[in-house]
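J.: Let the sequences and hints guide you as you build the complete structure.
First to last, the protein sequences are chains S and C. So for the first sequence, my numbering puts the first residue at 5; every next one is plus one. So for the second sequence, my numbering puts the first residue at 25; every next one is plus one.
I should point out that these hints are in silico values taken from the structure, not numbers from a laboratory. All of these numbers come straight from a predicted model, not from anything done at the bench.
From the derived model, a few chain C residues whose C-beta atoms are all more than 10 Å from chain S: (1) Val39; (2) Val50; (3) Ala146; (4) Tyr164; (5) Asp195; (6) Leu222; (7) Thr246; (8) Ile247; (9) Gln249; (10) Pro269; (11) Leu307; (12) Ile311.
Incomplete in silico selection of chain S near chain C, CB under 8 Å: (13) Arg7; (14) Lys15; (15) Ser18; (16) His95; (17) Thr97; (18) Thr99; (19) Ser100; (20) Phe102; (21) Leu103; (22) Ala104; (23) Thr105; (24) Pro106; (25) Arg107; (26) Arg272; (27) Asp274; (28) Ile275.
Which stretches of chain C does chain S cover? Using the computed rule of at least three CB atoms under 8 Å from a CB of chain S, they are: (29) 81 to 93; (30) 97 to 105; (31) 120 to 126; (32) 134 to 141.
Heads up, the beta-carbon is just placed ideally off N, CA and C, and yes, glycines get one too.
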Amino acid sequence: MNRTVRSEIRKIRSTQGWWLTGLAILTLTAFALLSHVVIYHFGDLASSDPALRSPAALAVMAGTLYTSGQFLGVLLVMLFAAGLITNEYAHHTITSTFLATPRRSQVVMAKLAVAGLLGLAVGLLTSAIGIGAGVAFLHSEGLPSRLGEWNVAGSVLLGLAAYVVWAVLGVGLGALLRRKTATIVTGALIYLVGSAVLTAVFELIHQHLIRQDWILTARVIVPSIASQVMTTPGGRVFDQAPSQWVGACVLIGYGLIAIVTGTFVVRRQDIT
Amino acid sequence: MMSSGPMTETGGRIVVSHLTKKYGEVTAVDDLSFTVRSGRVTGFLGPNGAGKTTTLRMMLDLVRPTGGTATIGGVRYADLPDPLRSVGAVLDASGAHLANSGRKHLRILLAAAGLPAARADAVLAETGLRSVSRRKINDYSLGMRQRLGIAAALLGDPQVLVLDEPANGLDPEGIHWLREFLRSRSRQGRTVLISSHLLSEMQLLADEVVIIAAGRLVAQGTIEQIIDAAGRSGSGPGPVRVRTPQADALGRALERMGAEVIKDGEVLQISGIDAPAIGGVALRAGIELHELTAEAPDLEQAFLRLTQGKAAIR
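T.: Shown next as structure tokens:
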């Protein structure tokens with residue numbers, strides 16, 4: 005297993021995709037941080053509305069600053085993780101990979117492990133940047149960091165979990181679809197557009213079929229909505245949203261489904 | 025240099041047993057059984073679409089058989105503890121990330137196989153790629169890529185080599201090198217199985233051949249045995265070449281006796297009747313002969329006869 009993981013790491017390091025993706029994530033993080041700082045400094049904190057300076061609002065502000073850039077960062081990590089599988093098919097390296105490691109589930113597990121670790125590393129790096137810059141900003145505004153508060157620290161931790169779980173989902177998606185472009189498009193659609201479209205579906209059901217609020221709460225079963233519920237600091241993505249932990253459980257459930265179905269599919273495929 | 029496993033006869037024996045592969049309605053490989061022994065080069069021949077590549081890929085657990093088994097040294101490929109140390113495979117020339125250098129590509133495989141990274145330089149030297157080892161594979165010629173595939177197969181210094189059309193893209197010098205190389209491997213007691221459509225090349229290289237058509241075994245044996253068998257099963261003796269100024273007259277006389285005649289100016293290619301009989305016919309008809317040669321049947325003719333009428337693509 006160690007060999008397979010080492011080989012996977014070598015594959016990633018041997019091409020340019022990893023640092024291009026890393027650079028994109030760092031740029032996005034810096035850009036998101038900057039825009040948050042500008043909005044808070046000239047907007048929320050300059051406002052005379054006391055509600056914007058309530059402890060709850062300030063906790064959301066801290067959590068948002070610390071997880072800056074995460075929304076698109078997670079997307080890039082997922083697409084990169086999917087590439088760990090789709091690139092092998094695109095470049096026909098899957099043949100030599102399976103010749104060296106004919107136990108295919110071992111190859112998938114190694115890719116999952118590497119993707120999960122990469123997700124964690126990216127999450128830690130962007131959180132470190134977000135927390136460093138965020139604490140400095142709050143300090144300059146005369147505000148505490150609130151890192152000791154559970155809902156703020158929890159947001160940061162759940163943000164890390166989002167990176168890891170979406171990386172795993174990316175590998176699973178790549179295994180299911182194999183084709184590079186199809187996987188990128190599907191992944192991006194699921195992550196970016198899925199929530200809007202499916203929210204509309206749930207609202208239609210709520211209006212016309214089952215007029216009960218749990219239908220709206222049930223939106224959390226959509227992976228991208230689960231992810232938003234999970235990572236939205238303290239606040240609520242929508243009125244009927246369940247707690248962040250419910251979102252986390254749903255998303256981890258999808259991660260497990262991706263691992264199992266992805267492994268199953270890869271084991272059965274003919275490599276021609 | 026790596027130590028290779030004990031070179032026992034069974035250690036490198038490939039046994040294909042009732043192997044079958046169906047793609048929907050199409051049967052690509054149909055109840056195929058044969059054995060490949062170590063210490064010789066075995067050619068794997070068949071027309072395009074006969075199922076050669078599918079068979080080789082089933083041997084290597086890349087394609088799941090619909091039925092039957094293939095084992096190497098008694099076990100399935102996927103159950104080999106260190107597959108690259110036991111079997112080296114050359115499948116297609118493009119199985120590498122083109123942005124990588126040859127050296128990086130090999131090091132990825134070495135890491136996966138738990139082999140020392142230094143083997144990369146050793147096999148690159150062995151396959152004549154040392155000078156381009158740090159260049160991008162994208163810049164390699166087809167022949168260089170083919171050599172890189174062979175280099176990858178040698179990483180674990182395996183007892184068994186399986187090669188799918190390795191001569192494609194090699195220049196004459198490369199083909200000569202490959203031939204010498206594979207012969208020396210087999211002389212060391214190793215197993216070499218090589219598929220090819222280059223029959224003349226096989227005649228020079230292989231000790232034994234396995235011929236398949238339409239997914240089924242047509243013949244297996246030494247080249248002499250195959251040629252003999254084809255001679256017996258075909259339409260009588262091999263072709264005879266005759267040169268005569270009275271080609272038309274002789275051709276008509278022979279055709280009346282049931283021979284097949286192809287005329288090209290003064291030259292006749294005659295099959296279905298042997299050389300003494302042709303001489304007799306000419307003598308009786310008073311026809312002057314300038315040449316009468318019984319052509320030795322070669323593997324190519326044997327192959328064509330054996331696979332005749334067995335449609336390649338169903």
